[in-house]
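As a plain string of letters, each chain reads:
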Amino acid sequence: MGGPVNPGYTRHHPRWHRRRIPIFWWLEKASYTKFIARELTSLAVGYTALVLMLQVWSLARGPESYDRFVSWLQLRPVVALHIVMLGLLVYHSVTWLSLAPRALVLRFARRRLPGTVVLLMHYAAWLVASAAVLWLLVAG
Amino acid sequence: MDTISHDILVVGGGGAGLRAAIAVSETNPGLSVGIVSKVYPMRSHTVVAEGGAAAVVKPEDSLEAHAYDTISGGDWLCDQDAVEAFVTEAPEEMIRLEHWGCPWSRQPDGHIAVRPFGGMKLERTWYAADKTGFHLLHTLYQTSLKYEGVRNYDEWFVTRLLVDEGRCRGLVAIELASGKPYAMVAGAVIMCTGGAGKVYPFTTNANIKTGDGMALAYRAGVPLKDMEFVQFHPTGLPFTGILITEAARAEGGWLLNKEGYRYLQDYDLGVPNPAPVKRSMELGPRDRLSQAFVKEMERGRTIETPHGHVVHLDIRHLGAKVIDTKLPFVRELCLKYENLDPVKELIPVRPVVHYMMGGVHTDMHGSTPLPGLYAAGEVACVNINGANRLGSNSLTELLVFGARAGRAAAEFVAPGAGSANGAVLAQALDEERRLKAALLDREGSRERVSGLRNEMQAAIDEGAGIYRTAEGLESAISTIQELQERYGDVALDDRSRTFNTELMASLELANLLDVAEAVLHSALSRTESRGAHQRTDHPEREDERLLSHSLAFWTEDDVPRIEYHPVTITRWPPGKRVYGEQAS
Amino acid sequence: MTEPVTFQIQRYRPEVEDEPTWESFGVPCRSEWMILDALNHIKDHVDGSLSYRWACRMGVCGSCGMLVNGEPVLTCATYVTSVLPGPVRVEPLRGFPVMRDLVSDISDFVRKLESVKPWIVRKSEKSLEEGEYLQTPREMGEYEQYSMCINCMLCYSACPIYELEPDFLGPAVIALAQRYNLDSRDEGSEERMDILSRQDGIWCCTFVGECSAVCPKNVDPAGAIQRLKVTSTVHAFKSLLMPWAGR
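Residue numbers (the working numbering), protein chains in the order written: chain Z, 1 to 140; chain W, 1 to 584; chain G, 1 to 247.
Hints in this document: simulated from the structure, not taken from any laboratory. Backbone N, C-alpha and C fix where the C-beta goes; we use that ideal spot for every residue, glycine too. Don't take every hint at face value.
[Said to hold, decoys possible] Below 20 Å or equal to it, Euclidean Cα-Cα: the simulated DMTMM-like pairs (lysine to aspartate or glutamate) are:
no.	chain 1	residue 1	chain 2	residue 2
1	G	Lys126	W	Glu26
2	G	Lys123	W	Glu26
3	W	Lys295	W	Glu332
4	W	Lys436	W	Asp493
5	W	Lys121	W	Glu60
6	W	Lys58	W	Glu123
7	W	Lys58	G	Glu129
8	W	Lys146	G	Asp194
9	G	Lys238	G	Glu187
10	G	Lys238	G	Glu190
11	G	Lys126	W	Asp109
12	W	Lys336	G	Glu32
13	W	Lys576	W	Glu540
14	W	Lys146	G	Asp186
15	W	Lys295	W	Asp461
16	G	Lys126	W	Glu92
17	W	Lys321	W	Glu304
18	G	Lys229	G	Glu191
19	W	Lys278	W	Asp314
20	W	Lys336	G	Asp37
21	W	Lys146	G	Glu114
22	G	Lys217	W	Glu338
23	W	Lys146	G	Glu125
24	G	Lys229	G	Asp194
25	G	Lys126	G	Asp186
26	W	Lys321	G	Glu144
27	W	Lys336	G	Glu71
28	G	Lys217	W	Glu332
29	G	Lys217	W	Asp324
30	Z	Lys34	G	Glu71
31	W	Lys58	W	Glu251
32	Z	Lys34	G	Glu163
33	G	Lys217	G	Glu71
34	W	Lys121	W	Glu251
35	W	Lys146	G	Glu163
36	W	Lys295	W	Glu462
[What the hints assert, rightly or not] Here chain G is said to cover these stretches of chain W; the calculated rule only asks that three of the stretch's residues, wherever they fall, bring their Cβ under 8 Å from a Cβ of chain G:
no.	stretch
37	92-99
38	109-121
39	137-144
40	333-347
So here's chain Z without its partners, still in its complex pose (with noise of 0.2 Å):
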């Protein structure tokens, strides 16, 4: 079953060559830096995610704090900001979709169903789900 000699043999042999991989091996290949592109945006949904929670936290200590909270959001540059982790998330939140259609296959009448189908699904819940905390905000 096994290959040559010694298993372990291969990634120890002294003469056989590994390249050093470089630091920026990902800007060698388009595909590379918009993969690396894609993953650092999770860094946005993890910020977005922490405002969030300042929100609660300074929501429980009272309305000075919140007030404060709130002035806080509204300086300029954190404006800026959070427009451009919008971006980000909204960039996140697409290429995580675009993904869905590959990693999900299902069957209506025993035919499998086209990826755009799957994806247009994927869209309406977004759709569905953002209405709904839309609707909470405005209407409670």
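Knowing the structure of chain Z, use the given hints to seat chains W and G on it.
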């Protein structure tokens, strides 16, 4: 020199080799098997087979019909007892492959589907789209991984068999990664190294088909049988030689000449019908179709291209749906290698060397005359293919005879029998010295491997093509003899020990030269025309004199001794090969 | 073609050097040549010591995978005209140790392949007399794509994760495991799930997607891995919430 010991060694990891190794493990799980292959098993040439594998499955079919088609297709040079065993065991081997996961194409109800094929009276060719060999090989390889007793020596190149006291005791192999030769000893060796298409310049065969096993056995004193029978497949792409499967014709393809005329009707192969008719026209046997091409070319009715004369294979009328379901690989190959879409355009094709009916002399259990040495697959000659092989019999042959050889070797061997005695080790050390002296240490390149190889290929193509004459063969023989001498002066550019592919090419060239010698002398000796061996100076089949197998024995002076061995006839006395309307 | 094409080829002779070097060759190419034909020309007429693997020359054995201008391709299926103008850079596949010139050591793949049990696993076998397992064309369609893998390793070369994390099972191995998981005749999904859902299995993949982009046979290993992630997660929740459901 390091020694490795196994109960059984299998040389070659293709369909036959893997099947043999599995058969050994199933017969006796306690035996240790080493598969020694010069490439990773999934690279073996079995992988390119396209059309299918034949086995009787339809209720209206019969084992007798399959046997008769095979025997008549082989122009009665087949050993009928072996053919009977072959057709009997074929269906169970195919079911076994299916149980192991092979994705055979199915009918809508889930049962196995079969398609018609050249020379067969009824549909019995099992297929996996048009990549049957690929699926067969990968199924066998992946299944072989589950047997504990089987060990793979991937990219190890065998250079010599070790024989002592009239028995095969093992072999010497170079581990390509390190360049180090090892003595591998065993109770039995099963040779499954495939054919030798690379003797010719234009072949469907991969680079690795260099007749290694044939040469190894030949030099160890085992005769090569029926070497003069070389199959030219009628439909290869020009320039590359890539195979366009017979299945294209089985599904209804037509062969057209310069005028768009289905020329096969002029060659006693029946009358044209829009739909395929079994054993007729484009579904005739391969040797007759290739011979018809040569005659057409002589009459100036073939199409001239920068890569030689061609005819056209027309599958446009099958439609895109059929082509994409039944012949997707054909479409892919034409698009990639000829820049044309067979759904809309004609495919240029010409005869191309494809298969060696001949090989190492074995009986129907895969045993050679040398005790301890077995052979199966294209390297062996049982002979069930006779003077011309029918398409789709070869893949089945790998399974049936691979299993038979494996079982026979397993029963022959006593566990722990593979041990190195003094004489065997001395031979191995001698081989190590030879390799070092003759190849790696020689200075001054007066001859290049590639130069000699090209000259050999040109000579045999000229002398032993589809039609042969005594003069042509004799001229080729003297060229090959000269090349054998000049081979002694080959020096390599590559002095490295690590993965030296030039050394391997040089050793393969030596093997090819020995195979070429056997082919040419056997062809010169057979003064008749039968199946794939056509002599314009002896155009008739002569059963009274030559209903026998030729056996070529290696001699010191590179002129093989040719003997004859009678063909076993059981139920089907020699008759006339009839194709076309008369067949029905 | 009128002008010779310049090929820059990576050479590595472990006995004499520690690092690979580059060597340039001018090759008079014909328009119908593949990269492999150019390599063969060099080996036959210029430098016989150039080492590389090839066999079938029709894109089905998987031997001739190399990096050409940074892209993993089958050299027998890539036209020289498609990579012009030169110079054309040819290197061995990435992610694997280089043994010599253009030859990488792919034995890691073979070891990992064995570990996922790439064979039909059944609780009870049918006897040969009972004939074939029935499988409709639709059932075959479920796994057919994944059965097309020729083991060429282009996906491993394209996957940055495989180079960064050498223990990763890798795209082809997982796609082949999935081929058996989805085969209606197989009953081994459970067994394979344990091996596949380890840290160096499917969860090592971060869906770069390059494997599927370079696959010459459209196997879509990335899709296979993501589908397994969904299956594995669902399976984990099911066994957590309904442990009594028959295994």
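Each hint, compared with the structure:
The straight-line distance between the Cα atoms of Lys126(G) and Glu26(W) is roughly 17 Å, inside the 20 Å bound, and the hint therefore holds. With a C-alpha separation of about 18 Å, the suggested pairing of Lys123(G) with Glu26(W) holds against the 20 Å cut-off. Among the hinted pairs, Lys295(W) with Glu332(W) is inconsistent with the structure: their alpha-carbon atoms are about 31 Å apart, more than 20 Å. Restraint check for Lys436(W) and Asp493(W): the C-alpha separation of about 14 Å stays at or below 20 Å, so the hint holds.
Using a Cα cut-off of 20 Å, the hinted pair Lys121(W) and Glu60(W) holds, with the two alpha carbons roughly 11 Å apart. For a cut-off of 20 Å, the pair hint linking Lys58(W) to Glu123(W) stands: about 8 Å separates their Cα positions. A C-alpha spacing of about 15 Å is found between Lys58(W) and Glu129(G), which places the hinted pair at or below 20 Å, so the restraint holds. With a CA separation close to 18 Å, the supplied pair Lys146(W) and Asp194(G) stays within the 20 Å bound.
With a CA separation close to 18 Å, the supplied pair Lys238(G) and Glu187(G) stays within the 20 Å bound. Taking the CA atoms of Lys238(G) and Glu190(G), the gap is near 13 Å; set against the 20 Å cutoff, the hint holds. Distance check on the hinted pair: Lys126(G) and Asp109(W) sit about 19 Å apart at the alpha-carbon level, within 20 Å; holds. Proximity of Lys336(W) to Glu32(G) is assessed by CA-CA distance (about 11 Å); at most 20 Å being required, the pair is judged to hold.
Taking the CA atoms of Lys576(W) and Glu540(W), the gap is about 12 Å. The hint holds against a cut of 20 Å. Pair hint Lys146(W) plus Asp186(G) holds up; C-alpha atoms about 15 Å apart against a cutoff of 20 Å. The straight-line distance between the Cα atoms of Lys295(W) and Asp461(W) is roughly 17 Å, inside the 20 Å bound, and the hint therefore holds. Between Lys126(G) and Glu92(W) the alpha-carbon distance is near 13 Å, which keeps this suggested pair within the 20 Å criterion.
With a C-alpha separation of about 31 Å, the suggested pairing of Lys321(W) with Glu304(W) is violated against the 20 Å cut-off. As the CA atoms of Lys229(G) and Glu191(G) are separated by approximately 15 Å, the hinted pair is consistent with the 20 Å bound. Between the alpha carbons of Lys278(W) and Asp314(W) the distance comes to roughly 18 Å, so the proposed pair stays at or under 20 Å and holds. For the given pair, Lys336(W) sits about 15 Å from Asp37(G) by alpha-carbon distance, which is consistent with the 20 Å threshold.
Distance hint between Lys146(W) and Glu114(G) is fulfilled; the C-alpha atoms sit about 8 Å from each other, no more than 20 Å. The straight-line distance between the Cα atoms of Lys217(G) and Glu338(W) is roughly 19 Å, inside the 20 Å bound, and the hint therefore holds. In summary, the hint linking Lys146(W) to Glu125(G) is supported, as the alpha carbons are separated by about 15 Å, within the 20 Å threshold. Our distance criterion of 20 Å between C-alpha atoms is met by Lys229(G) and Asp194(G), whose separation comes to about 12 Å.
Between Lys126(G) and Asp186(G), the direct Cα distance comes to roughly 12 Å. Compliance with the 20 Å bound is thereby established for this hinted pair. A hinted pair counts as satisfied when its Cα atoms are at most 20 Å apart, and Lys321(W) with Glu144(G) qualifies at roughly 18 Å. As the CA atoms of Lys336(W) and Glu71(G) are separated by approximately 19 Å, the hinted pair is consistent with the 20 Å bound. As the CA atoms of Lys217(G) and Glu332(W) are separated by approximately 10 Å, the hinted pair is consistent with the 20 Å bound.
Taken as a hint, the Lys217(G) and Asp324(W) pair is honoured in the structure, with Cα atoms around 15 Å apart against an allowance of 20 Å. A threshold of 20 Å between alpha carbons decides the hint, and for Lys34(Z) with Glu71(G) the separation of about 17 Å falls inside it, so the pair holds. For the hint linking Lys58(W) to Glu251(W), the alpha-carbon distance of about 18 Å falls within 20 Å, and the restraint holds. Between the alpha carbons of Lys34(Z) and Glu163(G) the distance comes to roughly 18 Å, so the proposed pair stays at or under 20 Å and holds.
Proximity of Lys217(G) to Glu71(G) is assessed by CA-CA distance (about 16 Å); at most 20 Å being required, the pair is judged to hold. Between Lys121(W) and Glu251(W), the direct Cα distance comes to roughly 15 Å. Compliance with the 20 Å bound is thereby established for this hinted pair. Restraint check: the Cα-Cα separation between Lys146(W) and Glu163(G) comes to about 28 Å, which exceeds 20 Å; the hinted pair is violated. Proximity of Lys295(W) to Glu462(W) is assessed by CA-CA distance (about 16 Å); at most 20 Å being required, the pair is judged to hold.
Look at the stretch 92-99 of chain W against chain G: 5 of its residues bring a Cβ nearer than 8 Å to a Cβ of that chain, three or more, so the hint holds. Under the rule that three or more residues need a Cβ within less than 8 Å of chain G, the assignment of the stretch 109-121 of chain W holds, with 4 such residues. Residue count for the stretch 137-144 of chain W with a Cβ under 8 Å from a Cβ of chain G: 3. That meets the three needed, and the coverage hint holds. Counting residues of the stretch 333-347 of chain W whose CB lies closer than 8 Å to any CB of chain G gives 3, so the stated coverage by that chain holds, three being the minimum.
In the structure shown, a violation is registered for the earlier hints numbered 3, 17, 35, in ascending order.
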